[in-house]
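S.K.: One line per chain: the protein sequences are A and B, in this order.
When we follow my numbering, the leftmost residue of the first sequence carries the number 1231, and every step to the right adds one.
When we follow my numbering, the leftmost residue of the second sequence carries the number 41, and every step to the right adds one.
These are calculated hints, taken from the structure and not from any lab test.
Even for Gly, the Cβ is constructed at its ideal location relative to N, Cα and C.
Where hints are given, some of them may not hold.
[To be verified] Going by beta-carbon spacing under 7 angstroms, a handful of chain B positions derived as facing chain A:
#1 Leu-56
#2 Leu-186
#3 Tyr-194
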Amino acid sequence: MPVYKEQGIVLRAVKLGEADKIVTILTQGSGKVRAVAKGIRRTRSRFGARLEPFTHVSLLLYRGRSLDTVTQAEIVSPFTTVRADLGLIAAGETMVEAADKVAEEHERNVQLFLLLLGGLRSLEARPADPAAVAECYLAKLLSLSGFHPSLGACAVCGAAGPHASFSAGQGGSVCDACRGPEAGRVAPEAVAWLGGLARARLAEAGAMTPPFPVRREARAMLYGFVEYHLERRMRSFALLARQPESAPRPQPAAAL
Amino acid sequence: MFEGPIQDLIDELSRLPGIGPKSAQRLAFHLVKVPADEARRLAGAIVAAKEKVRFCRECFAVSEGDLCRVCRDPGRDPSVICVVEESKDQAAVEKAGVVKGRYHVLGGAISPLEGIGPDDLRVQELLDRVARDGVAEVILATNPNLEGNATAMYVAGLLKPLRVRVTRLASGLPVGGDLEYADEVTLGQALEGRREM
Ligand SMILES: [Zn+2]
Ligand SMILES: [Zn+2]
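Pulled out of the complex, with its shape left as it was, chain B reads as follows (with noise of 0.2 angstroms):
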């Protein structure tokens, strides 16, 4: 549509995730607009992070080193694994402050429609870790939808040889919600998660 390298930038930026043809070319329009210096530092940040960041050899977050600042805290109890699907749900995980052990992060989940199996995770080093380091403890904190619960099972389901405990994030109601705006499958769901008092 365009010529030249106006064209070239709406094509790359139209193959981040999330960025549809239009976006890009507003995302492209407003980047030729900004001053020198500023897209300098964007290309420059994003030259840096792609050379920098690593993914810890243990966990597979991204990592600025061989290992992660998680993996690396002698405090963290090695016996407790939460796994992620994404970085950047360990990053949401971790601002909680609830798990006190480390994590381990897949890489995506199982979505037959996407063309992603068991095999595409990173579901052997799991499993190595935890019959290595003689883990206590798995808690599965995959996404709450068809992907992410069909993950949780089929790890679940190989982990059970291995005799350790294996947890599933709770799913329910969020806090601050309207009890009558649930749908059943959710309120179902806390029901089935509830708790003494």
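The following block holds chain A by itself, in its conformation from the complex (with noise of 0.2 angstroms):
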């Protein structure tokens, strides 16, 4: 079957050549693909705004040895709310950035897909802290793939917590008895907050409004968990970081 059918999330889209493009995405049913679509960079082009990150698409593919081929794109929802907003494009970027680590390519993962789809649509609801929902979004995703980790007991010996190490080679939470060189000493309300964050549902995780250094602690926690067991770094958390402080201003304008 050279051609075939499906709606997928569009993670990300590189340039290739003079005018084309390989866009990545996630697809429902075949994990991930990655798939060349030609002439997109003309403004004459067929595909419009249909094949631009964060875009829900469903699509005519033709398979290729290494390369699929876009034949057909058509939206299915756009999340141009995503884009409209520096905060909002941050978090989403962490989101497809985290997907597209995780995702094999042409290997189902209807549940990836499922929750890549849920943190846009919260994000599309303009919620009050978007780098939440997408600290919320990596947590769900670390425990899909297979590294959830421990906030509350000990990830070795699962006594009960809050415990003051954490630990991302030992899994997350660790008690004195346990924790290994690399712990690092947290203070327990972090390890509370980002446990609740981590079972918080999407739509409700830009809400939470913890005290700075509490949040602050917790993200260093959950970045630094991230980049540990997906063995990648995480280049959008650069921008996440900044979020929800706004941008840095410019020096005193002498004009004024």
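Take the two lone chains and join them into the complex the hints point to.
M.R.: So this is what it looks like as structure tokens:
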């Protein structure tokens, strides 16, 4: 079956040659698909905005040896709101980058597809704190991928928490007896908040408002845990970590 | 895969943007077949471009001298700055012949997935120019894609306190296209950007 139909979410698009792009799509039934969209960068392209990142599309694809080819694309949901704000973009980019890293090409992963769809839908509702939604999504993605972080009981011996040490390598919270040399000291409140965030529904995560130091420490734990277990550096964390604080202000203008 | 100089050439070519290993191989084998003087001309052009082409100290467009052609031209309106991602975009906008002001080349667009953040772009230089030259309007002509829009939003946010008029290129239907083939995002933006007739 050289031609097949799928629906999916566009994760990223990189330029190829003069006018083409390679788009990476997380599909519902065929896992991650990398496909060429011919001529998409020309302003007269029939693809238009249909293959921009975050777009939920239904596709007709031609199966190739290494890369597939997109022959038709129709928008199911454009997620226009997610593109309309820097905080939402940062959160959305983190979601698609993490999905890209855990998805396998042509290996069906419906749960991951549904998680990403749920994440983008939650962002589309303009949550107060988009970064928290992305962080809630990351915790769920870790569990889905077999890296469920222990955020209460000791990850090694199971002793009930809260514990004051955290180690990505050991699997999360660790008690004083089990903590390895690389475990870091953390505030139990930060672990507890992260645990709450991981259990929260995506649609609720953006309305939780922890004290600033708790949030900051919880983020450091989560980001470290994600990069350790996905064995990749997450490039989008640089921008996500700056949210929801607004962008750095320009120097006072002399002309005013 | 190959030996010596031909593999070196393939390796160098495959580092160019948009050139995959297959294209690099094809180009390399083409280049070793062309007459010697043609190859020398190409090599010379690359070296000369590298030596002579600089970046304009005002707008950072590719330029032969210290200041580019547009920044040197006293006929250009200094109160309008058109912001683009790359020099090639400046060339494209300039060809339209509509911008009477000057340009500012950011050197790329914000792209979290490529690891390009706001600090990697020439944003501070733009803010400095706007404050220094009493600029009245900044036209944001970044690409109409996710990265270009993110960049435009970021820059617009920083320009706001400087009390300058900030405009964004309209995006919508391509001239000569058919309405029925337009996707809903493009059509929606075209409707939002509609104007009185
Ligand atoms: Zn223990
Ligand atoms: Zn210039």
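S.K.: So, for every hint listed, does it hold in this structure?
M.R.: Outcome of the hint check:
Here the hint on Leu-56/B is broken, as its CB sits about 11 angstroms from the closest CB of chain A, past 7 angstroms. Checking Leu-186/B against chain A by beta carbon gives a least distance of about 5 angstroms; that is within 7 angstroms, so the hint holds. Checking Tyr-194/B against chain A by beta carbon gives a least distance of about 6 angstroms; that is within 7 angstroms, so the hint holds.
Checked against the numbered hints given earlier, the structure breaks only hint 1 and satisfies all the rest.
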